Each structure stands twice: as structure tokens, then as C-alpha cells.
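Position chain B relative to chain C; hints supplied.
Chains C and B, in that order, are what the protein sequence lines are. The first sequence runs 1 to 225 under this note's numbering. The second sequence runs 1001 to 1311 under this note's numbering.
Hints in this document: simulated from the structure, not taken from any laboratory. These figures come from a predicted structure and were not determined experimentally. Check the hints yourself; a few may be wrong.
To be verified - Derived pair list, reagent style EDC-like, types lysine to aspartate or glutamate, alpha-carbon separation capped at 20 Å: (1) 1211/B <-> 76/C; (2) 157/C <-> 1132/B; (3) 156/C <-> 1132/B; (4) 1089/B <-> 1154/B; (5) 161/C <-> 1133/B; (6) 1141/B <-> 1251/B; (7) 156/C <-> 1133/B; (8) 128/C <-> 103/C; (9) 1058/B <-> 1152/B; (10) 1211/B <-> 79/C; (11) 1211/B <-> 1251/B; (12) 1211/B <-> 132/C; (13) 1058/B <-> 1159/B; (14) 128/C <-> 1117/B; (15) 157/C <-> 1159/B; (16) 1141/B <-> 124/C; (17) 1022/B <-> 1010/B.
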Amino acid sequence: HKHTLTHNSFSIIFYHCECVLYQVGILDVDLCGPSIPRMLGVSQQEVHQCDSGWVPVYADPQQRLALMSIGFLLDDPSEAVVWRGPKKTALIGQFVRDVAWGELDVLLVDTPPGTSDEHLAVLENLRKHRVDGAVLVTTPQAVSIGDVRREITFCKKTGVKILGIVENMSGFVCPHCSVRHAHPLTPEAPPTSLLQYRVTIFTNTTHNFTTVHNTSSTIQSYYIH
Amino acid sequence: MADVPTDAPEHCPGTTSEQAGKSSACQGCPNQTICASGAAKAPDPAIEEIKLKMATVKHKILVLSGKGGVGKSTFSAHLAHALASDDSKEVGLLDIDICGPSVPKIMGLEGEQYVEDNLAVMSIGFLLGSPDDAVIWRGPKKNGMIKQFLRDVDWGELDYLIVDTPPGTSDEHLSAVQYLSGAGIDGAVIITTPQEVSLQDVRKEIRFCQKVQLPVIGVVENMSAFVCPKCKNTSQIFPPTTGGAQRMCEELGLTLLGKVPLDPRIGRSCDEGKSFLNEVPDSPAAAAYQTIVQSIKDYCSSNATPAPNSH
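This is chain C alone, in the form it adopts within the complex (with noise of 0.2 Å):
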């Protein structure tokens, strides 16, 4: 996946059609741009220990969706994490194993672009336990899917078997005329094979993000089975 605004996007958009039903928890392991707590609304807050190790953030009162990401760990959200990949490995590792994360139907690991150290180390860490899958997020353009074709090569490599991919950002209503447009750097259809999904992004003036996952329309177009 090329785009890590979209697949973080991706990743709490899935929370909220699903976590009505179910415990979730979201896994990140962007070391270097940690979005998750920001876009939850969690950033201020801090991991604290209990006996079964480190306990998670949760991004709602009901407790039924536990975060777990480096920016908890940081003392100045501007401070950046210039590791080499071995440091990356060893702290993927413990948020693997050391986060208590208790009982949870589904467990989401929010990935930053490429196909390298964290995500080596994600797969060997969760080898143990059953990865159900990946799901890849893509924009319509050539020089995403081009990289998004690394990615399945990465997923069938390493055994993990490829859920789908969303095409985000497939096209905009303009606020102003109601006209849609095909996304707003590619005018052009991308190929079919890749897609198994079709999502488009709505904006409006206020630009909330509550607000646009709230359209029920937009809850449909992103559920998936």
C-alpha cells in the first residue's frame, strides 16, 4: 500500500462499522508517523503497566476498541523515531507479545508503506498465532497499484492470504456543483483486475471526519464481509 493517509483512514472506518458487535484492537506499527491516536482522538494519552503487561489505550468508554501505538510512548508528539530496523524489530515484537490486550474478536495492524523491517516483523511475531489475512488499500493511480503489486507479491511470499483491496479516494462529489469526479489526480478508469472494491470519499464544507463516516450511504459502500 502507497498511502498511509488511506490506510490508516481504512483502519477506523472498519472500527466503526464493527465494533458495535465486537472487541477490536488496532495494532500500530508506524514507528516513524504514528497516526492512529490522533485520528481516535486519543493522542494525549499514556500506556500505563499491570501485572499482565502493557495495558492499551481505549478510544471509547465502553472499552471495545483497545490501540496500542508508539505515539502513547512519546513524551512530545514532534519528536521523531529515527530507528534502524533491528530497534523497529525488537519494539514490534514486545507490542506483540507484552500489551495485555485481553479478550478480542479481531485484531487490526496498521502498517506504514513498504515492505521491510515491520513488516517482517509483525508477520514473525504473530507466526504463533493465526493471521487471517491482509487487506491492501490503494488510490485509482498507476503508481499506487504499482505498489500495491508489491504488496501481493510480499503476501504470497511470506503465506499471508490477501482478504481484498479498497480503493480509496475513488472519487470526489465537488461541494459546489454536486458533480463527481473521478479521483482528483486521475481522471482515467484503473485497471479492473485489481479491484475488488470501490470506495468513494464524500466531503462537504466542515470537512469533519465524524461526518463523513456518519453518511449511511458511506457506511455501505465500506462494509466489508
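The following block gives chain B in isolation, referenced to the frame of chain C:
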């Protein structure tokens, strides 16, 4: 010695780190004595070799972003095109995004290295058998490749070398700065979108630059506004809820090089491997790019001999 030798224990801090040989993870490692003595921390001879190789390269610019998908490679490619539009200049573009090399596609290259007579490109994308090949490498192997690119590619006489990076602040970035530390980098251009989630990561990128003493030439805000082709009204797809790059630059005392609006034709040009500066020169996005490029050229000329970065 490699940064993390193959016989190193799980939490090896790295042979060049300050903890080398001294951290608790080092107990029992066969390299512990060597690391603790500091012998492993001797500067990599490649740095001096690269300094000699790069003596014929006048200006080196790193293009960074915090987040992915903000338009960094698009910007690097078009910066290269714009600089090379002056026939008297020789330009090189090096793509060190090893996992996600977009530069060949954006430059319309399948394998050749020369886009124009005076514009050369190098990317790991050229070394892959097929576009679907995934480079599933850990940090140390990526670092080795970057060292090879810098040391073994014959760049020749270049006025500008642009280095396109993957998003983040990790192996690739550290290696690029480390291996160019003898040769000196003029500075970094940081790309962002107006959103706070992007700016949040740009602030980290700026801290990285401060940490490794890499000057920041300025910040480019991409995808600033969208002009509807039908009704011509402007919308903000990514509203600057926290003031966008402008406020951030004011707060941090950095130069905002420019704001580039979303033009659907940029994406099409990139998908086709063409320069939209040539394809759509009348676009407000093209005008924004030209202003930004001029600022970068001015910065480089006033910075005639970049001081070697001390990292």
C-alpha cells in the same frame, strides 16, 4: 563490520550505536569485545570514497516527507525535469525508496537511465525483474544498496543530484545522510499535505533534520486546493484544520516554498511518465512548481560549497 552482524543477538543495538558492546543485549554476543572497544565504530571507509566520487556533483538535495502519499516522488521527478530544462545543466535523480520505487514510472522509464541528454535517473526499480517484484529487505540490506548507489554509480559531472526517499525517518534516511556526510548535502525539501496528520509527521522529519544537522531548504504543501474542472470553484479536499504548512512554517521558522493545488492532470502525467510542466504549462500547479524550483535554485547558488554534515 555490518551494522547488525548475522551472529548478533535479538536486541543488538547496532555496531555503530553508542550502546555497542555495552547494552544488556550484548551479553554473550561473540562481537561484544570488539564493539565495546569502539573498533566497530570507526567511520565506514565508504564515506570517504563517496566524498571523492561526489566531488563532481555540485549540489545535492534530499526530498523528504513524514507521511507516504503526499507527492514526494512526483515532486522529485518534476524538480529534476525543471532543473534539466536548462540545457546547460546536468541533473541526476536517485530514488532510494527501495520498497516502493515510483520514480521510474513517473519518469516514463522502463530500464533506460537517461530521460533527457542532461537528466539521468537511478532507482532500484531498474534492477527488478518485473514490476511486481517485491524487495523484502531488512534495514542492513537496504543500507548496503544505498551505499552501492552512492559509491558505485558513475554520476559524472552533475550540477544537481536529487535524492528521493521513502516516507519516514529510518534506515534509508540515516544511511543517505551518513554516506553523504563527507560529500555534504545542500539541504532537504520536505513535502506535506495541509492535513494535521501529515504535518504531525513533518514535524518529526524536521527534528530528524536537526538531529543529523541537515539544513531544511523549505517545505512544500501539496494538494492544497482542488479546482473543479466543471464549475471552477475551489474546494479543500484536505482542509488545513491546524493552519496547514503555512502556520507550521511560521511556528518553526522555516520557509514555505509554495503550495501546489490538486490538478487531475498531474496524476495523469505521472501515470504516463511525462512531465506535466511540459504537458500543462498553463496549470496553476505548474506555476507553483516553477516558483518553488526557482527558490531551490536560489538557495543552492547562495550555498556554493555545502559544508560536510557532521553526522
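Pair hint outcome, residue 1022/B versus residue 1010/B [Cα-Cα no greater than 20 Å]: Judged against 20 Å, a Cα distance of about 15 Å means the pair holds.
Given hint residue 1154/B paired with residue 1089/B - CA-CA distance at most 20 Å: holds (17 Å)
Under the criterion that the straight-line Cα-Cα distance not exceed 20 Å, is the pair residue 128/C, residue 103/C satisfied? holds (17 Å)
For the pair supplied as a hint, residue 157/C and residue 1159/B, is the alpha-carbon distance within the 20 Å limit? violated (41 Å)
Holds or violated: are the alpha carbons of residue 156/C and residue 1132/B at most 20 Å from each other? holds (11 Å)
Can the restraint linking residue 1141/B and residue 1251/B be considered satisfied, given a maximum Cα separation of 20 Å? Distance of about 38 Å is beyond 20 Å: violated.
Would you check the hint for residue 1058/B and residue 1159/B, treating anything up to 20 Å between C-alpha atoms as holding? Roughly 5 Å between the alpha carbons, so the hint for residue 1058/B and residue 1159/B holds.
Has the given pair, residue 1211/B with residue 1251/B, been kept, meaning a C-alpha gap of at most 20 Å? holds (18 Å)
Regarding the pair residue 1211/B and residue 79/C, is the alpha-carbon distance no greater than 20 Å? holds (11 Å)
Within a Cα-Cα threshold of 20 Å, do residue 1141/B and residue 124/C meet the stated pairing? Holds, because 18 Å separates the two Cα atoms, which is no more than 20 Å.
Taking only the CA atoms, is the gap from residue 156/C to residue 1133/B under or equal to 20 Å? Given that 20 Å is the threshold and the Cα spacing comes to 11 Å, the pair holds.
Can you confirm whether the C-alpha distance between residue 161/C and residue 1133/B stays at or below 20 Å? holds (18 Å)
Consistency with the previously given hints fails for numbers 6, 12, 14 and 15, ordered from lowest to highest.
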